[in-house]
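Given next are the chains, with one letter for each unit.
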Amino acid sequence: KNEVEQSPQNLTAQEGEFITINCSYSVGISALHWLQQHPGGGIVSLFMLSSGKKKHGRLIATINIQEKHSSLHITASHPRDSAVYICAVRLGGDYKLSFGAGTTVTVRA
Amino acid sequence: KAGVTQTPRYLIKTRGQQVTLSCSPISGHRSVSWYQQTPGQGLQFLFEYFSETQRNKGNFPGRFSGRQFSNSRSEMNVSTLELGDSALYLCASSLEGGKTEAFFGQGTRLTVV
Chain A
30 KNEVEQSPQN LTAQEGEFIT INCSYSVGIS ALHWLQQHPG GGIVSLFMLS SGKKKHGRLI
90 ATINIQEKHS SLHITASHPR DSAVYICAVR LGGDYKLSFG AGTTVTVRA
Chain B
22 KAGVTQTPRY LIKTRGQQVT LSCSPISGHR SVSWYQQTPG QGLQFLFEYF SETQRNKGNF
82 PGRFSGRQFS NSRSEMNVST LELGDSALYL CASSLEGGKT EAFFGQGTRL TVV
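Protein chains in written order, with this note's numbering: chain A, 30 to 138; chain B, 22 to 134.
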């Protein structure tokens, strides 16, 4: 079983809709990252969380350490938000990231 | 400031050859990690270097190796290439690894024919 589980695997939304992507992990972590990958490969780090909530523009990320769960929300979605969103966790004192399988988001105009 | 730079962006190699990929981290970052991304396996950790020392290694065969130089630039090498090594190879830099935020490069897409 993967240490990091993401849902849904795929998501299609209409422009303007509110989008939520979920990430669950099975062990204690020191940090959780939300990453965005557009076609072509490059990965952009959206957030790094170890507790609470962070907001950047239309993106909000939350984490519940006790429940081992994080969510990424996109408000007022736009076609340019279409990408693969990946949850990654850093386990305890480890220096490596373990990744979820990613959520492919398609936002239609 | 400049981001993480990976070279080359694209590479085609023949089975059995070896390849060296380069990663220049953000200035001041001392930790560099390498990851392999394939359609079947997703993103997987290869290794992490900090101040020229390998601190952690993923579950990859010995054909995959790396090093880090005193200026924090890192290289990874794959010897005796196999078709299954075709992948996007990404590096990420951070100040110190651990809880510090990671910044990714654009990746090197390696195709083995």
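Hints in this document: simulated from the structure, not taken from any laboratory. Please note that the accuracy of each hint is not assured.
[Stated by the list, open to error] Here are a few chain A residues that sit away from chain B, every Cβ distance over 12 Å (derived from the structure):
(1) 53
(2) 62
(3) 70
(4) 74
(5) 84
(6) 91
(7) 123
(8) 137
[To be verified] Listed below are the simulated EDC-like cross-link pairs for lysine to aspartate or glutamate, each with C-alpha atoms no more than 16 Å apart in a straight line:
(9) B/78 x A/46
(10) B/120 x A/123
(11) B/34 x B/122
Each residue gets a CB set at the ideal place from its N, CA and C atoms; glycine is no exception.
Is the nearest Cβ of chain B still more than 12 Å from the Cβ of residue 137 of chain A?
With a cut-off of 12 Å, residue 137 of chain A remains clear of chain B, as the shortest Cβ separation is near 24 Å.
> Does the claim that residue 70 of chain A lies off the interface hold, with its Cβ farther than 12 Å from every Cβ of chain B?
Replying inline: Answer for residue 70 of chain A: violated, closest chain B Cβ roughly 5 Å.
Interface exclusion of residue 62 of chain A relative to chain B, criterion Cβ beyond 12 Å:
violated (7 Å)
Per the stated criterion, does the least C-beta distance between residue 91 of chain A and chain B lie above 12 Å, as a non-interface residue requires? Check passes; 17 Å lies beyond 12 Å.
field: Restraint status (C-alpha distance of residue 78 of chain B to residue 46 of chain A at most 16 Å)
entry: violated (41 Å)
Looking at residue 123 of chain A again, its CB stays over 12 Å from all of chain B? violated (7 Å)
- Message: Would the hint linking residue 34 of chain B and residue 122 of chain B be met if the CA-CA limit is 16 Å?
- Response: Outside the cut-off at roughly 33 Å; violated.
Please verify whether residue 120 of chain B and residue 123 of chain A have alpha carbons no more than 16 Å apart. Satisfied, since the Cα-Cα distance of roughly 9 Å is no more than 16 Å.
* Distal placement of residue 74 of chain A relative to chain B, Cβ over 12 Å -> violated (6 Å)
Q: Taking the shortest Cβ-to-Cβ distance between residue 84 of chain A and chain B, state whether it exceeds 12 Å.
A: Label holds. Min Cβ-Cβ 16 Å, cutoff 12 Å.
- Query: Is residue 53 of chain A truly not at the interface, in the sense that its beta carbon sits beyond 12 Å from all beta carbons of chain B?
  - Reply: holds (16 Å)
Hint violations for this structure: numbers 2, 3, 4, 7, 9 and 11, all remaining hints satisfied.
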